[in-house]
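Protein chains in written order, with this note's numbering: chain A, -7 to 604; chain B, -7 to 604; chain C, 70 to 359; chain D, 70 to 359.
Since the hints were derived computationally from the structure, they do not count as laboratory data.
Warning: the hint list may mix true and false statements.
[Stated by the list, open to error] Pairs of lysine to aspartate or glutamate, EDC-like flavour, derived with a Cα cap of 20 Å: (1) LYS83/D <-> GLU490/A; (2) LYS101/A <-> ASP36/A; (3) LYS224/B <-> GLU55/B; (4) LYS308/D <-> GLU322/C; (5) LYS192/B <-> ASP223/B; (6) LYS406/B <-> ASP223/B; (7) LYS101/A <-> ASP466/B; (8) LYS352/D <-> ASP36/A; (9) LYS311/C <-> ASP208/D; (10) LYS198/D <-> ASP208/D; (11) LYS198/D <-> GLU43/B; (12) LYS356/C <-> ASP466/B; (13) LYS311/C <-> ASP292/C; (14) LYS219/D <-> ASP332/C; (15) LYS425/B <-> ASP466/B; (16) LYS406/A <-> ASP223/A; (17) LYS219/C <-> GLU321/D; (18) LYS468/B <-> ASP61/A.
[To be verified] So the derived label-pair ranges between C-beta atoms look like this: (19) ASP342/C <-> SER549/B: 39 to 49 Å; (20) LYS356/D <-> LYS109/A: 53 to 63 Å; (21) LYS78/A <-> ARG246/C: 56 to 66 Å; (22) GLU291/C <-> LYS352/D: 53 to 63 Å; (23) GLU202/A <-> GLU291/C: 32 to 42 Å; (24) LYS275/C <-> GLU202/A: 25 to 35 Å.
Keep in mind it's a predicted model, so treat the numbers as computed, not measured.
The beta carbon of each residue, even a glycine, is placed where N, CA and C say it ideally should be.
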Amino acid sequence: MNILFFPIRLTVLIDLRHIVLHMSNRNGRIVNDIAVMIGGRAGDGSLASGEILAKVFAKMGLEVCTIKDFPSNIRGLPTNYTIRGKETLFLSRKDHIDFLIALDEVAVKEHIDELPKDGVLIYDSSGGDLPEDMKRSGIHTYQAPMEKMAIDNLGGSAGRIFKNLISLGVLGALIGLEEEFVNETVEEMFGRKGREVVEKDVQAYKMGIEYVSKNIQKTDPYILEKRKKKDKLFMMGDDAIGLGALAAGCRFYAGYPITPATEIMEWAANNFPKYNGVVVQTEDEISAIHMVIGASYCGARAMTGTSGPGAALMTEAIGLAGMSETPTVVMHGQRAAPGTGLPTKSEQADIEHVMYSTHGDFPRIILSPGTMEEAFYFIGEAFNLAERYQCPVIFLSEQMLCQNKQTVDELDLKKVKIDRGKLLTQDDLKKIKDYKRYQFTEDGISPRSIPSLENGQFEANSNEHDEYGGTTEDTKIRNMMMRKRLKKLEVAKKDMIEPKIFGDEAADIGIIGIGSTYGPIRTAMEQLAEEGLSVKYMQIRMLKPFPYEQVKSFVDSCSRIYVVEHNATGQLTRQILYRIGLPENTEKFRSILRYDGKGFRPMEIVEGVKKR
Amino acid sequence: MNILFFPIRLTVLIDLRHIVLHMSNRNGRIVNDIAVMIGGRAGDGSLASGEILAKVFAKMGLEVCTIKDFPSNIRGLPTNYTIRGKETLFLSRKDHIDFLIALDEVAVKEHIDELPKDGVLIYDSSGGDLPEDMKRSGIHTYQAPMEKMAIDNLGGSAGRIFKNLISLGVLGALIGLEEEFVNETVEEMFGRKGREVVEKDVQAYKMGIEYVSKNIQKTDPYILEKRKKKDKLFMMGDDAIGLGALAAGCRFYAGYPITPATEIMEWAANNFPKYNGVVVQTEDEISAIHMVIGASYCGARAMTGTSGPGAALMTEAIGLAGMSETPTVVMHGQRAAPGTGLPTKSEQADIEHVMYSTHGDFPRIILSPGTMEEAFYFIGEAFNLAERYQCPVIFLSEQMLCQNKQTVDELDLKKVKIDRGKLLTQDDLKKIKDYKRYQFTEDGISPRSIPSLENGQFEANSNEHDEYGGTTEDTKIRNMMMRKRLKKLEVAKKDMIEPKIFGDEAADIGIIGIGSTYGPIRTAMEQLAEEGLSVKYMQIRMLKPFPYEQVKSFVDSCSRIYVVEHNATGQLTRQILYRIGLPENTEKFRSILRYDGKGFRPMEIVEGVKKR
Amino acid sequence: MSEKLTISDLDWHKPTWCPGCGDYALLAAVKQAIVRLELDPKNIVIVSGIGCSSKLTDYFKSYGFHTLHGRPLPVAQAIKLANPDLTVIVTTGDGDGYAIGMGHFIHAARRNIDITMLVMNNQVYGLTKGQYSPTASIDFVSGTTPQGSKDQPIDGVALALASGAGFIARSFSGNIRHTSQLIEEAIKHKGFALVDDLSPCVTFNKLNTYTWFKQNIENVDEDKSYNAESVISAFNRAKESKKIPIGLLYKEEKPTYDDQVLDKSRGPLVFEDLSLEQSEFEKLIEKFKY
Amino acid sequence: MSEKLTISDLDWHKPTWCPGCGDYALLAAVKQAIVRLELDPKNIVIVSGIGCSSKLTDYFKSYGFHTLHGRPLPVAQAIKLANPDLTVIVTTGDGDGYAIGMGHFIHAARRNIDITMLVMNNQVYGLTKGQYSPTASIDFVSGTTPQGSKDQPIDGVALALASGAGFIARSFSGNIRHTSQLIEEAIKHKGFALVDDLSPCVTFNKLNTYTWFKQNIENVDEDKSYNAESVISAFNRAKESKKIPIGLLYKEEKPTYDDQVLDKSRGPLVFEDLSLEQSEFEKLIEKFKY
Ligand SMILES: Cc1ncc(C[n+]2csc(CCOP(=O)(O)OP(=O)(O)O)c2C)c(N)n1
Ligand SMILES: Cc1ncc(C[n+]2csc(CCOP(=O)(O)OP(=O)(O)O)c2C)c(N)n1
Ligand code: SF4
Ligand code: SF4
Ligand SMILES: [Mg+2]
Ligand SMILES: [Mg+2]
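Input sequences plus hints: build the corresponding full structure.
Listed below in structure tokens is the structure:
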């Protein structure tokens, strides 16, 4: 770990209060670029209203991305949901928020400083006005007794929950949300809960609008204008993964609930059965991965999804998949660790685990998407690689990518190719005289039979085995089998998912990242460009096989490299240095790290790069 | 894994039949330097006779080392036991064996070529003479119908088992074993099985002697002469570990049977209770390590022992130990992997697993002994480090070191120091106003209380927590706690177990190894020296913290480095290159690899180095 | 401790369970039991796994260990072996204790170390937002079982009976007093004791509510004919009864593992002087001499 | 398969068990049962863990999966779900199945997927050289229990009953015919079926020998008064009987998990055409439109 040997690690503290917004639009108004945070408590409806808002933004023709920041708690602990809408494509959160809808004092306390000059605070004043000492100048503060209105008008204390729609009404009146879209969204989301709920929601929204028209004088500059709706989808990474898996032929999912992977299992449970697929909630993760191995051995495309703690439990089975050469796809959604850690927060600190865990040498493949679209296509590729190389494939993701929703480009089924590798059919097998499941071959890959095929019997085996799969301790066979298996990773290099490079090829400053840092980095690059700093960025998308040549030449082409990652010790930095053969204290490297479970603000990357 | 990037990997095939021994002793005789292999089948008593022979060698004043090569099978599959005795201290097996006691044809077939010119074959001819086509010239072949003699004279087919002692009798008559020592050893080893067994063993031995005197004309040059008995112990690594643990205050062992760690648990079960200790055989390895964590949290020095498969299952718990800062000692005896692999064979392919497994960043310490003596002292040090740094400590060993017996220097209890780190007493706690288990401190180490102490209550926690241990998701505390924990590994550098360097300081050629390659490397160095090749050797004894400076300066001081290791991809080579910052294809490095589960012959290293 | 223990001495962090969650009652019941037993908090260790239920270690002031999901039992058993003077209580959930922790549960029951296991059984995975748990009834609809679950529910009581546990009770969070009494008995029992507490999850389990339980439980403690000393009648009640039996279902004194393997005259091993006498060391290495 | 299946069609590697090991009988009994059932070896999958017993996959020619220690059950269950046309048999040991594999065992029993679990129960860990196993009797002396084991033995039958298994039998390797009959019934049973086979380890278990078993078992199949349809009488027999009951102890037809969650009219999912129609894809993404 030797962290002191490491390149300087940067932590950037930025005082957002001094940020003055460019009023880039007409008449000092800010049109169609807005970030709203709804701050409340787990279980008080703020997540639901955030989701409504996001969809309404989308319906109004904006691009939308969201960040859910929720505790490992069902009701009562502070939570917040940030929704950003913008007319043109953008890739990450803003550095600041424009609106803070604070459902209690804690939300004000924790987040008021994230408002820039001219930002807006909407405060639920049911318990009284915002205390003087919590007020801030330079921002626009509106108050409304939202919870009180809900209780008084929507069914007593049981109606309290509708304050979230009231708050949306207040917001809607201020910025100009299309009421029709709100009603439509409420219907879509809560229709199944019955008429009463929908009607009260609609009514609550109206109450918010009316409150503004009677009591509030708008002073802030933010405004929305309806545009043509984009041809996009609104989904979270877990949806994209589930959908991508199904599209790629996955028909078997076994899993054990865990944040941030559960939603894949839930999506699969709702959709796989229609396509003759099956979803099993197992007794634990050990069972889940062994079920995947069993189903896959049998010829199914099968997967499991988990996070650090579950993946740790699956460690031994990864070796079984490697030794028995059974295709095995594991989606690993990283969350803040170690141990149980911060179970609902994001991190990228399991890189070394997925690269190296379990005893013995055998090939594994690790790929990692940076966007929702990649999540969709890469999971399909994971199945192809698993079957082509008959080995475990880890799809490495993060809470941030798994659980946050955003607008996504339409996904193209035609780009999803299914390649089952050397999977034998009954016809193939009839032609084979003496079938050997683990036959020594040029490329290390042996043709694979599945149960129920005649002439294809074999023993899959976690013990060292001969070409038929029978247990052996013969030295010669052992040596040949080891080489055969290891050969596959060499061959797999031809299927490398190469890193993607963005920005100015000629730039001298390079940024490297993996996974969800994609958005903030690309946004930071725009800001750096505005300030005249030209940088380029390499998004690593595969860790094993490692894209040695590409990374090396990228690093060689820069005089300074910033590795942006969500962990405390620079696991990705270390991989890069190790693999291209540079010492841990290489001067040209800086790691920009964040490990509190929250996503990078683009500005933190900007400052990190500028700080040098 | 990128194995093609790797330094050339050497595999050396040596034809032992051409080796001509130096008859270094008087009159063409070879005195007090002999390696005997007893080749038979699992369960036929060859291991027992091997052990008797080893002890008799020792009693006659020789140094002894042994290699058990046994299958994962209880009865019937080929097995062999090699015992080497020599008057002066030596460190590993010979390249060849001098005597092959072949209890069946397979043993002849598999091992006859390991005999050099003038070597000796003793063949059990109960089933008829050795077939012509299996005979070899240049060696001395003696035959005796040993099994038949046993059946005919020692109780019919139930007496068959005594053929092992008959074979020892044949050997004894040829080389001159002290009969009294044989009888003594039989008594020591089988006394508890009852008089009859002992008497029959003694009788069987005599029958072997008599057979020789009547039927065999000695032609070989080997001879033993009694010397003063050395003040040593005869034990296996697992014994040394169990004893070392008890001596260092370990009073709690939880484990699940697995080769090669079971013998520690068995030793502990026999001995810990006398010292108020307890040994629990758990339902699985997950339970075992959590018991260790529980006992240790409570103030006990506790450990578990396992191998790759069990260690893989313990992966998640290592993170719990890291996060809750509970001292946790795991002895990890590597065996041939992946999967179940070759469960009774040796390997060094779990290096990367122990370094990196489990999610998240936290400190762990890894140390690795190269000799029995180090095994004894290092396990004690493991407890000190675990308590001093309140983190998991992995004692990385191998089947070879765990299960082979040899003569060992007397162990010195006085060198075993017990340091419990910042463990608080009731008196300490009384003086503390507001006890915080996870207090932020300069060195990252917080004073530790244990249940039953007044004023010391706290919550050990796998969730991120505040200084009292209470669950928190507070960003600031999270960041500080991460830094506090990681700090400890920095501080631990002062307790580095430095690598040991042997050989000619000025040499240009360096060899690096870890663990059990110690013996073969040092023997190879002697042979290289005889051939005029001067080399030096660095034995790495700690992997985390990594002895960066020492390794770097060793590497820098050589123009060529050979890394000798028991695995297929060069895991140790990779660590060295990574940590000192050299590319994977660095010209100056060569890995000498062996991964069939068997130990290096010194000559393989010699040839590897000479091959360049 | 000089003064008498009160409930508030045991308070720590304020619980963040949902209002109405059954776990509040269980927490209160444990505290009451401990106050009645006049135990010293410094000698109590609460060991939990991960789940809403397992947060109890945050809310109870004594020694605590909030371990990993499914793992409190091995940690707790070792604590008891290391220091048998401690009162060791495991607080777990139906997922933690009966799904991922199932193997440990059966083996802890058979091993019979003197610890108490309290399962806050709400028939769902609360903390992960309401997936069905091993105790959920057939056809239970949840996020992962939109068509209803199809595997038979686990019955912790029947399994504990089959495994040889010596104290088996079931309580209902709707009745704190009764729950607390059972917990008190469980703690007093020498050996492994299970209290399976029906603890409604008001947020995710809309089927097994307080009202539902009131209609579907029967208290064997109020049934004079019930024989809590017969493993067969307990099993019969667990398997065949239309209603869910609560109360003390089975009790038998058995030799505990800790009593048998520890030499209690020497005191807890954690207070043993760790340094070995040279003479003892010599005895130990004697066996390796030749 | 054109010709009739014979025992030797099922032979593969020659077993390397110790002469006299009870596992030989189990292997023979399985082969006989399969020959009688006229199953096609290409549709049989034997799934084992690690242990002497688990080596059976090496000795039986069909499809086989020699998995990890303790893990055959999840692998087997998934195989059955992926292709319900297969006959899936788990061969395991008392360590593999009841120690490290305990959690899977209880959950497989409750999940009730149509597989057969054969436990070669020898009351020791054979392959690792004779440590006591979860089924070893109290005070059993072994390498890890020099003073005798102190935890109560596991009873697979009682646990299977508590878990809801629909077919529970116990056989004795000393009687191949009876063992084979029970295995045949177990395979025919729809749902999870357990055969706990008393399979002496002649090398490491000097207590529970063939002779010992002959004196200590009673065959309920020969007891006309025994009611194999009552879970209570089975439990009673398992727990209270002085002798170890063998024979068919419990049988109940229950809906299987596979029958309930799979649409069998569509055939095994492994033969499903994996490519998705564009129209279906559009239906799926409809929900993400706004
Ligand atoms: C190894 C592992 N797997 C999964 C999880 C996620 N997880 C946390 S709590 C929980 C289930 C909790 O259910 P239960 O034990 O019934 O407790 P409840 O919340 O219902 O009280 C799960 C699956 C985890 N933390 N660790
Ligand atoms: C994870 C893991 N732990 C331990 C082992 C070592 N091991 C192999 S077989 C076995 C026990 C076998 O006992 P059982 O299942 O009863 O089979 P038997 O040999 O008695 O037939 C053990 C502990 C292993 N292979 N993997
Ligand atoms: S989610 Fe359920 S179990 Fe969790 S705190 Fe809320 S009510 Fe209790
Ligand atoms: S050790 Fe026991 S179980 Fe293993 S093969 Fe021998 S007799 Fe059978
Ligand atoms: Mg629950
Ligand atoms: Mg066994």
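A quick look at each hint next to the structure:
1. Using a Cα cut-off of 20 Å, the hinted pair LYS83/D and GLU490/A is violated, with the two alpha carbons roughly 49 Å apart.
2. Straight-line distance between C-alpha atoms of LYS101/A and ASP36/A comes to about 18 Å, which keeps the hinted pair within the 20 Å bound.
3. Between LYS224/B and GLU55/B, the direct Cα distance comes to roughly 9 Å. Compliance with the 20 Å bound is thereby established for this hinted pair.
4. Between LYS308/D and GLU322/C, the direct Cα distance comes to roughly 16 Å. Compliance with the 20 Å bound is thereby established for this hinted pair.
5. Between LYS192/B and ASP223/B the alpha-carbon distance is near 31 Å, which puts this suggested pair outside the 20 Å criterion.
6. The suggested pairing of LYS406/B with ASP223/B holds, with an alpha-carbon distance near 17 Å, which does not exceed 20 Å.
7. Between the alpha carbons of LYS101/A and ASP466/B the distance comes to roughly 14 Å, so the proposed pair stays at or under 20 Å and holds.
8. Restraint check for LYS352/D and ASP36/A: not satisfied, since their Cα atoms lie roughly 33 Å apart, outside the 20 Å limit.
9. Simply put, LYS311/C and ASP208/D have alpha-carbon atoms about 40 Å apart, too far for the 20 Å limit, and the pair is violated.
10. Of the supplied pair hints, the one linking LYS198/D and ASP208/D holds, its CA atoms being roughly 18 Å apart against a limit of 20 Å.
11. Distance check on the hinted pair: LYS198/D and GLU43/B sit about 18 Å apart at the alpha-carbon level, within 20 Å; holds.
12. Annotation: proposed proximity of LYS356/C to ASP466/B is violated, straight-line Cα distance about 56 Å (limit 20 Å).
13. For the proposed pair LYS311/C and ASP292/C, the alpha carbon gap of about 15 Å is at most 20 Å, so the pair holds.
14. This hinted pair checks out: LYS219/D and ASP332/C have alpha carbons roughly 14 Å apart, not beyond 20 Å.
15. For the hint pairing LYS425/B with ASP466/B, the CA-to-CA distance comes to about 24 Å; that exceeds 20 Å, so the pair is violated.
16. Annotation: proposed proximity of LYS406/A to ASP223/A holds, straight-line Cα distance about 17 Å (limit 20 Å).
17. With a CA separation close to 17 Å, the supplied pair LYS219/C and GLU321/D stays within the 20 Å bound.
18. For the hint pairing LYS468/B with ASP61/A, the CA-to-CA distance comes to about 16 Å; that is within 20 Å, so the pair holds.
19. About 47 Å separates the C-beta atoms of ASP342/C and SER549/B, a value consistent with the hinted range of 39 to 49 Å.
20. Taking the beta carbon of each, LYS356/D and LYS109/A are about 41 Å apart, not inside 53 to 63 Å as hinted.
21. Distance hint check for LYS78/A and ARG246/C: the Cβ-Cβ separation is about 59 Å, which falls inside the suggested range of 56 to 66 Å.
22. Take GLU291/C and LYS352/D: their Cβ atoms lie about 56 Å apart, and the range 53 to 63 Å holds.
23. With their beta carbons about 57 Å apart, GLU202/A and GLU291/C fall outside the hinted range of 32 to 42 Å.
24. Our hint of 25 to 35 Å for LYS275/C and GLU202/A holds, since their Cβ atoms are close to 34 Å apart.
Hint check: violations occur at hints 1, 5, 8, 9, 12, 15, 20, 23; the rest are consistent with the structure.
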